[in-house]
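Chemist: Single-letter residue listing:
2 protein chains.
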Amino acid sequence: MKVIFFDIDDTLLGTSNFAKVAREAAINMMVENGLPLSHSEAYNLLQEIIVEKGSNYNKHFNLLTERVYGKENPMLIALGMVSYHNVKFALLKPFAKTLDILIYLKSKGYRLAVISNGRTIKQWEKLVRLNLHNFFDEVITSEEVSIEKPNKGIFEESLKRMNTKAENSIMVGNKFDVDVLGGLNAGMDGILVNSNLSEDKLNEIRKNYPEVIIIDNISQLNEYL
Amino acid sequence: MKVIFFDIDDTLLGTSNFAKVAREAAINMMVENGLPLSHSEAYNLLQEIIVEKGSNYNKHFNLLTERVYGKENPMLIALGMVSYHNVKFALLKPFAKTLDILIYLKSKGYRLAVISNGRTIKQWEKLVRLNLHNFFDEVITSEEVSIEKPNKGIFEESLKRMNTKAENSIMVGNKFDVDVLGGLNAGMDGILVNSNLSEDKLNEIRKNYPEVIIIDNISQLNEYL
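Sequence order for the protein chains is A and B.
Just so we're aligned, residue 1384 is where the first sequence starts under my numbering, counting upward by one.
Just so we're aligned, residue 1384 is where the second sequence starts under my numbering, counting upward by one.
The following block holds chain A by itself, in its conformation from the complex:
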């Protein structure tokens, strides 16, 4: 029985989009309540902080107010966080075809698992909020195994957890270098979905890695699996 490993963010569900809208909402609220910057200044500063600290850092708004005022402003931090979370949870949805395709893959007898760079509970929270968690036998996160994709170790640990071999497994993800190349290097097959890469870059991949399947959308998985 083949195993399909999925990335989560922007593979099963669109997080880049809601993160942007949620950050805009948070900045709106903070500026309306007295943060002495224009909307775009504040948004740009937040983006800088996210680039600097990474998106898994959980004190972006604390740092934003600290940079503006010289110390934290708890009211604005709370206003930002509440707005961010309200919008995020309102918008958190799987891609339109994610559920269909997961049901299809289960009906074909595949075993499914997740390999995600991110915090364990945060990634589980997304799966649980969307009721996707029952499809997956294992969820392997970089936090849990202390190794990030594309390093081989996280893929090897995932194969072990699923009690399978690389030649019987496929890695599906939206990031070529992180998900697909990482999987290939561990001996898996690779499928690139929803990548947003330029046509030039895609052609380069087609030339150098002809074994990689490239699809626009997770709904096309049933053409290959």
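Calculated directly from the structure, the hints in this document are not laboratory data.
Certain hints may be false.
Which copy? The list can't say, so a pair holds if one copy fits it or any two copies do.
[Stated by the list, open to error] Listed below are the simulated BS3-like cross-link pairs for lysine-lysine, each with C-alpha atoms no more than 27 Å apart in a straight line:
(1) K1480 - K1584
(2) K1505 - K1471
(3) K1403 - K1505
(4) K1454 - K1543
(5) K1454 - K1535
Chain A is fixed; fit chain B onto it per the hints.
Modeler: Below, chain B alone, put in the same frame as chain A:
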């Protein structure tokens, strides 16, 4: 202009109640999804952990699964957390008369502030979600000043922040020893609301601290202020 300092939890809004319901919901979800305990066993274990670690510890569910399985179960932790937060935010409301009485006190010219034992952002989050934050000039938390009620220091710092003196201020809270006695020791007046103390204990307070006003409900504040 007199300053009135309020405690938050179970003074402005009822948190004991929603915490219980939210915990029950979380335990339900965890047991339904495989936690191998009865509902009451799991609930009691959670209560033990809360007593042991305090209610501000943010890994109660992690520890619960660790104690049951010998290691964390991220799916059950996420299911517990999501259920807890959904129920908590659905039930988070000020007491029926809180808003009326805050408007009344502002109309009488009082300045208002909050003194709370708890985490700064978590306490602000409650005020912000309920749109109560605009009533208060300052929110002083034990996390921020590293001193908890009933210690004098947090009251003194609060007086300083509000630029006022103890004799011009009143502390309003639901815990006699923590809020009211703490305020009295710092030289403030004290009002005990919503205390849930036995009639015997209340009579003892009436005898030993005749200057303390005791009311059942925050809505009765307008009889004294």
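Chemist: Regarding K1454 and K1543, is the shortest C-alpha distance of 27 Å or less found within a copy, between copies, in both, or in neither?
Modeler: Between. Shortest inter-copy distance 18 Å satisfies the 27 Å Cα cut-off; intra-copy 47 Å does not.
Chemist: When no copy is specified for K1454 and K1535, does a C-alpha distance of 27 Å or less occur within a copy, between copies, both, or neither?
Modeler: Only across copies: K1454 and K1535 sit 25 Å apart there, 42 Å inside one copy, limit 27 Å.
Chemist: Up to 27 Å between alpha-carbons, please classify K1480 paired with K1584: within, between, both or neither.
Modeler: Within. Shortest intra-copy distance 26 Å satisfies the 27 Å Cα cut-off; inter-copy 62 Å does not.
Chemist: Since the copies are identical, ignore which copy is meant and state whether K1505 and K1471 lie within 27 Å (CA to CA) inside a copy, between copies, both or neither.
Modeler: Classified as both; 13 Å inside a copy, 18 Å across copies.
Chemist: Cα distance capped at 27 Å. Does K1403 pair with K1505 within a copy, between copies, both, or neither?
Modeler: both (18 Å within a copy, 24 Å between copies)
This entry satisfies every hint, going by the numbered hints stated previously.
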